[in-house]
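Take the given structure of chain F and dock chains A and C to it, following the hints.
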Amino acid sequence: MPDKASHTAPSISVADALKDAALAALVAFGLFFLLIGLRSAQGPTGALEVSTRFTDLAMVVGAVFAGAFGRAMIFGRGPIRFGGEMPSWVAPTLAVAGRFATPALLIFALLVPVLFFQNRYILDLGILVLTYVMLGWGLNIVVGLAGLLDLGYVAFYAVGAYSYALLATNFELSFWICLPLAGILAAFAGVLLGFPVLRLRGDYLAIVTLAFGEIVRLVLLNWQSVTGGPNGISSIPRPSFFGLPFNNEDGGFAATFGLEFSSTHRIVFLFYLILALALITNWATLRLRRLPVGRAWEAMREDEIACRSLGINTTTTKLTAFAIGAMFGGFAGSFFATRQGFISPESFNFGESALILAIVVLGGMGSQLGVAVAALVMIAGFELFREFQAYRMVVFGLAMVLIMIWRPRGLISTREPSLYLGEKKIIPASLVGEARSGGSGS
Amino acid sequence: MTAPMTDDAPILIVDHLSMRFGGLIAVDDLSFVAKRGHITALIGPNGAGKTTVFNCITGFYKPTTGLMRLAHPDRGVYYLERLLNFRVAKLARVARTFQNIRLFAGMTVLENLVVAQHNTLMVASGFTFAGLLGLRTYRKAENAAVDKARYWLERTNLLARADDAAGSLAYGEQRRLEIARAMCTDPVLLCLDEPAAGLNAHESAELNELLKFIQREHHISILLIEHDMSVVMQISDHVVVLDYGVKIADGTPDEIRNDPKVIAAYLGVEDEEVEKVGAEVGL
Amino acid sequence: MEYFVQQLIIGVTHGSIYGLIAIGYTMVYGIIGMINFAHGDIFMVGGFIAMIAFLALVAIGVTAIPLALFLVLLIAMALTALYGWTVERFAYRPLRHSFRLAPLISAIGMSILLTNYVQIAQGARVKPLPPLVTGDHILMSSEAFNVQISNIQIIVIATTFVLMAGFSWLVARTRLGRDMRACEQDLKMASLLGVDVDRTISLTFVIGAALASVAGIMYLLYYGVIDFYIGFVAGIKAFTAAVLGGIGSLPGAMLGGLLIGLIETFWSAYFSVEYKDVAAFSILIVALIFLPTGILGRPEVEKV
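Just so you know, the protein sequences line up as chains F, A and C, in that order. Each residue of the first sequence is one higher than the last, beginning at 14 in this note's numbering. Each residue of the second sequence is one higher than the last, beginning at 67 in this note's numbering. Each residue of the third sequence is one higher than the last, beginning at -15 in this note's numbering.
Extracted from the complex, chain F is given alone in its bound form:
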């Protein structure tokens, strides 16, 4: 057994390491020879021509060789294990850090507009992150608490956004009326999705939710008369400060409060608005967990048959999970519509559903803090590398794979009981049920 904190690698001879590296390089060559080594492009005649890029190929294969060699020398041939146990100060420190993390993040979030008042870019980034945090928390109710694998969550986001847009542009209702209405419509969509999937298990449920998401997107794309088709809906009214518009005039926000007009006022308002919405989502989730309906969700995730034997109506339990999760997605959608002023079906594709699901899983299902941190890291990280375009997507995909291999249960994967007699004992992830797929375990 390796000592703790030491790098004793299982011994491996240089020859063996070289063999492994050569094999890896050979595989890499096979994989990349045609797709990287050669490049197809349309030549002057319009027909495809192929050109060589052997230096790129050599670099990539060389990198694989070096990487495989390094891996073999440092970690040997078996699965990668980092030394022995972690030093004894790590676990308690993390526990303390965990307790401070939530209030720290909250305070930081509240202060962002103050700290970065002039930096429009940071404010916009913050709004984007908070939107995904809210979406993550909403999906967490369906996937994390109730254990229903929803791959089409973006549908509710879209229903919320389009409902808001249509209500606001056609009936000129204020944001504060449209928001709850959009949420109710999204909840209704959630129930609509819930019915066909009641009898389905795991992966079948997943594909139906995916199909539902696609149907919503395609309908939005093609129902031109109502949704504007690919052009979407524009000129969605911008938010006002409870009636005071954010403009330069005398009746505007700036004038009323004696401030010099700045376009950032509206952005700051939007920031606090999404922060409030997200915090409401969080509060509702924590509250619901302590109520019978929330416990029923978690029990259903653990063992649906046992739930039925206790007299719990699993049908209504599933439908409420879908409805409430959808409602928060709808609220987020309304916010999105009013922030952008313009929406189109492009923003509501499967990639978004996948991204939100990845946030929930990477953060650790059921953990509010984990989901928030995952959203922050992924969205902010993603945005900050904007110039690299397609390269950042490759890194993004690779990161998803690597994080899953490193921590399959997500960053924070423990469960806090909602009720205790003597002492609140955190439950380790290995005991907690997962989103159901396939046959149930006994």
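A portion of the hints provided could be inaccurate.
Stated by the list, open to error - Beta-carbon label-pair distances, calculated as ranges:
hint : chain 1 : residue 1 : chain 2 : residue 2 : range
1    : F       : W296      : A       : N166      : 53 to 63 Å
2    : F       : S187      : A       : D213      : 46 to 56 Å
3    : F       : F88       : A       : R202      : 54 to 64 Å
4    : C       : H121      : F       : E400      : 31 to 41 Å
5    : C       : G161      : F       : G364      : 51 to 61 Å
6    : C       : G107      : F       : A71       : 12 to 22 Å
7    : A       : G264      : C       : L176      : 16 to 26 Å
8    : F       : F88       : C       : L176      : 46 to 56 Å
As the list claims (entries may be wrong) - Derived pair list, reagent style BS3-like, types lysine-lysine, alpha-carbon separation capped at 30 Å:
hint : chain 1 : residue 1 : chain 2 : residue 2
9    : F       : K437      : A       : K214
10   : A       : K156      : A       : K101
11   : A       : K214      : F       : K438
12   : A       : K214      : A       : K156
13   : A       : K101      : A       : K214
14   : F       : K437      : A       : K206
15   : A       : K101      : A       : K278
16   : A       : K128      : A       : K156
17   : A       : K156      : A       : K206
18   : A       : K206      : F       : K438
19   : A       : K206      : A       : K101
20   : A       : K278      : A       : K342
By construction, these hints were calculated from the structure, which means they are not laboratory data. If you're wondering where the values come from, they're calculated on a predicted model, not measured in any experiment. All C-beta atoms, glycine included, are put in the ideal place defined by N, C-alpha and C.
Below, chains A and C without anything else, positioned relative to chain F:
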């Protein structure tokens, strides 16, 4: 066997129950009566169809034919073959445990018992709305639920483990937890599927104590599938024997113990040889 | 009538391509219970490899089309199989015994990686290829309409049929097929009985990828264009097909593929093109309401 404190009225009448899966007949024309306040045991070799009968009674299978009538002490008669799914537990108050222990492993012992009281708490929380608003009715109801949970934890010797994850309990403790959870639903009929499986002699004796306690103090009728003959013989008032889905004997434990057909079923003797064996054994 | 038959031919052709991809989904699901989200992108990679291989062969002087296509088939199947093997080895095997959702997210990450890798490597523009297999035959004709079946359509349908038959034979009659079926039933038990589980699973991925690459070649020859995004679209449809037919069932994958192809084609022919995908997805949902495990799926009886 103590004399049961009952009034000899039936609690469960199973009448010509049959369950067919495609071509396979799992239960064939089964009829028996379980009396109120009695402990009725359902025994038989493996594959006899006992769990299938349970699944029919508790609403997990819809029987192919037959009636199952549950006579509530104060709520009239329920036709169990028409109540499907969760309604058997909710309306007819039939609780059950499972052969393969189905606990909510990722929730604490206490949470398991509180989830069992879901329906009462749902009403008290005003279907969530009152609960969200933090109204007192819900908090009082939740405290009452915790008290009931505490009561059953004491009876099953699990109070010390109340805050531990159910999945971390030892095997015997998990079995007891399942029974405690079933009791938290306030049933009139408790169906236990092999509650003594995997328990050692000491634990089996404790189980007997618990079941007798439930029968005596709470006047709950118990229906029991079991292979452990010490449990069956010591606590049952009435035994029904199944083999290949058919009832082959029905009576008191003493009657069953000496029934040649039952002996043959367990030993696998041909029908014609039953009498021969009976003669040899001196019956 | 003639119009109907024509649509039938088109539908069966599309359906065959979907079916070939669906087989990969269904096999992997059957054996390790995982939705391989990256499989559609393997199909896309197969198509790209085929395209570049073809261009390279032409560039070095192999101009006889049948010979070139044959070589392309071999190369594409081999290299795409390598991709399938690599993806399983690095993104899924480490997660095999862990949390159920982890391989799913890993697969989604892999899908993103593959799509963008090809986009970077080969550019984001659509790649057109001149029609390589030409010619068609007239089956029926009337005054208004001739029912034609083109050579490429014949090739697609025939190839699919042959591969399907061959693969069914493999699963039913060979040692590998028996190992696969054993792993499908009970992975742990199979390994205890001496089945090399790792190898069997790898081979499942490899064969699925090879079939997907054939689908990719067919796609390339049939449509004459390819781009890095086709994996996603075809992937979702093929996965829908696998589920519709009953995931885990081989004939189900083919049946599902044909159904999706036919639904799409007939809907666009008789109703509207824009909503053909909506029709396909809606029919999936309706089918699963009545047949929760798909058309040919084995009903999962949960032991209570």
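These are the hints, each one checked on the structure:
no.: 1; hint: W296(F) - N166(A): 53 to 63 Å; result: violated (38 Å)
no.: 2; hint: S187(F) - D213(A): 46 to 56 Å; result: holds (48 Å)
no.: 3; hint: F88(F) - R202(A): 54 to 64 Å; result: holds (59 Å)
no.: 4; hint: H121(C) - E400(F): 31 to 41 Å; result: violated (54 Å)
no.: 5; hint: G161(C) - G364(F): 51 to 61 Å; result: violated (37 Å)
no.: 6; hint: G107(C) - A71(F): 12 to 22 Å; result: holds (21 Å)
no.: 7; hint: G264(A) - L176(C): 16 to 26 Å; result: holds (22 Å)
no.: 8; hint: F88(F) - L176(C): 46 to 56 Å; result: violated (29 Å)
no.: 9; hint: K437(F) - K214(A); result: holds (20 Å)
no.: 10; hint: K156(A) - K101(A); result: holds (21 Å)
no.: 11; hint: K214(A) - K438(F); result: holds (21 Å)
no.: 12; hint: K214(A) - K156(A); result: holds (18 Å)
no.: 13; hint: K101(A) - K214(A); result: holds (27 Å)
no.: 14; hint: K437(F) - K206(A); result: holds (21 Å)
no.: 15; hint: K101(A) - K278(A); result: holds (15 Å)
no.: 16; hint: K128(A) - K156(A); result: holds (17 Å)
no.: 17; hint: K156(A) - K206(A); result: holds (22 Å)
no.: 18; hint: K206(A) - K438(F); result: holds (24 Å)
no.: 19; hint: K206(A) - K101(A); result: violated (36 Å)
no.: 20; hint: K278(A) - K342(A); result: violated (38 Å)
This entry does not satisfy hints 1, 4, 5, 8, 19, 20, going by the numbered hints stated previously.
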